[in-house]
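Trainee: Residue numbers (the numbering used here), protein chains in the order written: chain Z, 1 to 337; chain G, 1001 to 1198.
Don't read these hints as lab results, they were simulated from the structure.
Each hint should be verified, as a subset may be incorrect.
Stated by the list, open to error - Facing chain Z, a subset of chain G residues (Cβ under 7 Å, in silico):
(1) 1040
(2) 1081
(3) 1083
(4) 1108
(5) 1112
Claimed, not checked - Beta-carbon label-pair distances, calculated as ranges:
(6) 38/Z to 1187/G: 21 to 29 Å
(7) 38/Z to 1178/G: 33 to 41 Å
(8) 80/Z to 1022/G: 51 to 59 Å
(9) 1029/G to 42/Z: 57 to 65 Å
(10) 134/Z to 1029/G: 39 to 47 Å
(11) 17/Z to 1184/G: 52 to 60 Å
Claimed, not checked - Some, not all, of what chain G presents toward chain Z, calculated at C-beta under 10 Å:
(12) 1086
(13) 1087
(14) 1097
(15) 1123
From a predicted model like this one, the values you see are computed outputs, not experimental measurements.
For each residue, glycine too, the CB sits at the ideal point set by N, CA and C.
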Amino acid sequence: MNIERPIPFTCGALDHVLPLHMIIDGAGVVQHAGPTIQKVFNNRKVIGRNVFGLLELRRPRSIRRIEDVAKSDTRRVQLKIRDRHRTSLTGALTVMPDMDSVLLNLSFGYSISEAVARYELTGSDFAPTDLAVEMLYLVEAKSAVMDIASQLAHRLQDEKEVAQTQALTDGLTGLANRRALEMRLERQFLRRIPFSLMHLDLDFFKTVNDTHGHAAGDAVLEAVAQILREETRKEDLVARVGGDEFVIVLDNQVYPSRLEKISTRLIRRIEAPIAFQGRECRVSTSIGVVPSTNYVKPDPVVMAEDADRALYASKHAGRAAFTIANAQERNGTSLID
Amino acid sequence: MMMHGLILWIFEAFVRLTYGDQVWEKVLTDLDLHVQSVEPMFHYDVQIGLSILRQLSIAQGRDRNSLLEDFGTFLVTDPRVERVRRLLRFGGVEYTDFLHSLEDLKGRARLAVSDLTLPDIQVDEVRPHVFEITCENNPKGAPHVLLGALRALADDYGSLAYLEVCSERQESAVISVSLLEREHAQAREFLWATDDAS
């Protein structure tokens, strides 16, 4: 069959198959428009108006007047509706057999969702072959799945945060645990800011446990934890690392006079009697401190050992005492008083 | 055989919103399942779905088919799962168009969620205004969910119809729909645009 052979066709048939089409004459005036076009222009007059007054041609810019269509071999045009929404359209163009008029068929392309809302369109405004309804369906389904996925992501994030906090927290006192301390120290050495490591071990804690019971012991640990929290700043880290052992990382606190003050205050406060079920529990603490400035190249293991040694020096000194490791040799090891 | 988590997930929403959180949690505890809620993107053994249904039916003293029918009604009528109704309403402008579009349901669902498999549905207009909807390859009970949804959608479209499951065999069931009046009542409003479009 000769593809140039004209075939008879009624406007009604075109309306059914291409509800979004226009026939434009040689002067650019709309001669006929499909029912959905009429709806898009909200039943304003379309027939008899110039097509360039209704639609703005975005691409290709070589078409300025309707005669240019016959000259160019463009089949695809991008347009915008001249209304307040400026909805974009994709169009297919062809010159009609009389060579004087142009058939323009339109589609909303990616603007389909907005177009349906703006012009109050329904499924019957589209040709049965138009994928508009499938597109709307997919947009709807995609939104539903995105909702589910984002709920899932939020739930996972919350659960992850809870799990992380639990993994790094001491269950009884709510202080950091040994794992959290290790992570802090790893970061601490990368951050390269001076700090001190303070190691505390309660004195007479075993006596409290033995005379008043483990519940009293737990109450003492909680009270001590509270004191440690109050006596440190939020940039410091307080960790419970064993039964009655605590470690504090003190940022930017390395002067022996400051460390002495902090230690003295801690011992004084911890020595205050702790009330438990009408009884008074008394403990004290021994403290060993080591500042990172003792070393040319601070090392976490060496620092921990030195803090430990300083702590045992305090224990030997008769408890309820503190020891600050001295930097007599700046060669990576430290000597204790 | 596995079932898509989306189906069980929305069934959980149905139970929680209709009967309350305690009922759902008790059903899961009684079954000794180590989950408290369903993940919509996972897949579950069909037996889990069936045992939840069985346990719920015992707990509520209701037969399983009527629970499933209520589930179908819930999918179409409950504003909290409005999207399901919207996805179904995209099938047609009128109830009859919609009924015919059920044949596309499986394909459309797959377009949206590629691993979601719905039953094969064939729709025949056996006499004027009388339709036979044949469902094949469905998990047990699925036709009763569809029955509930189709009844609710007849109301949604403002049509008056009589529906029943007229035959049910292993993996195949037929629902008959007699459309008594196409425009019986005011249809519920349906906007084709999604919420986020403007």
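Trainee: Compare the structure with each hint and give your call.
Mentor: Going through the hints against the structure:
With a cut of 7 Å, the hint placing residue 1040/G at the interface with chain Z holds, because the nearest CB-to-CB distance is about 5 Å. Here the hint on residue 1081/G is broken, as its CB sits about 9 Å from the closest CB of chain Z, past 7 Å. With its C-beta approaching chain Z no nearer than about 4 Å, residue 1083/G sits inside the 7 Å limit, and its interface hint holds. Checking residue 1108/G against chain Z by beta carbon gives a least distance of about 6 Å; that is within 7 Å, so the hint holds.
Annotation: residue 1112/G was flagged as interfacial toward chain Z, and the flag holds, the nearest CB pair being 3 Å apart, inside 7 Å. At roughly 24 Å, the beta carbons of residue 38/Z and residue 1187/G sit within the given window of 21 to 29 Å. For the hinted restraint 33 to 41 Å between residue 38/Z and residue 1178/G, the CB-CB distance of approximately 37 Å keeps it satisfied. Hint check: residue 80/Z to residue 1022/G, Cβ distance near 56 Å, so the stated range 51 to 59 Å holds.
About 58 Å separates the C-beta atoms of residue 1029/G and residue 42/Z, a value consistent with the hinted range of 57 to 65 Å. Distance hint for residue 134/Z and residue 1029/G: a CB-CB separation of about 43 Å, consistent with the stated range 39 to 47 Å. The hint said 52 to 60 Å for the Cβ distance between residue 17/Z and residue 1184/G, and at roughly 33 Å that hint is violated. A distance limit of 10 Å between C-beta atoms decides the matter here; for residue 1086/G the minimum to chain Z is near 6 Å, and the interface restraint holds.
With a least beta-carbon distance of about 6 Å to chain Z, the hint placing residue 1087/G at the interface is held under the 10 Å criterion. For residue 1097/G, the interface hint holds, since its Cβ comes within 10 Å of a Cβ in chain Z; the closest pair sits about 8 Å apart. A cut of 10 Å between beta carbons decides the hint on residue 1123/G: the least distance to chain Z is about 17 Å, and the hint is violated.
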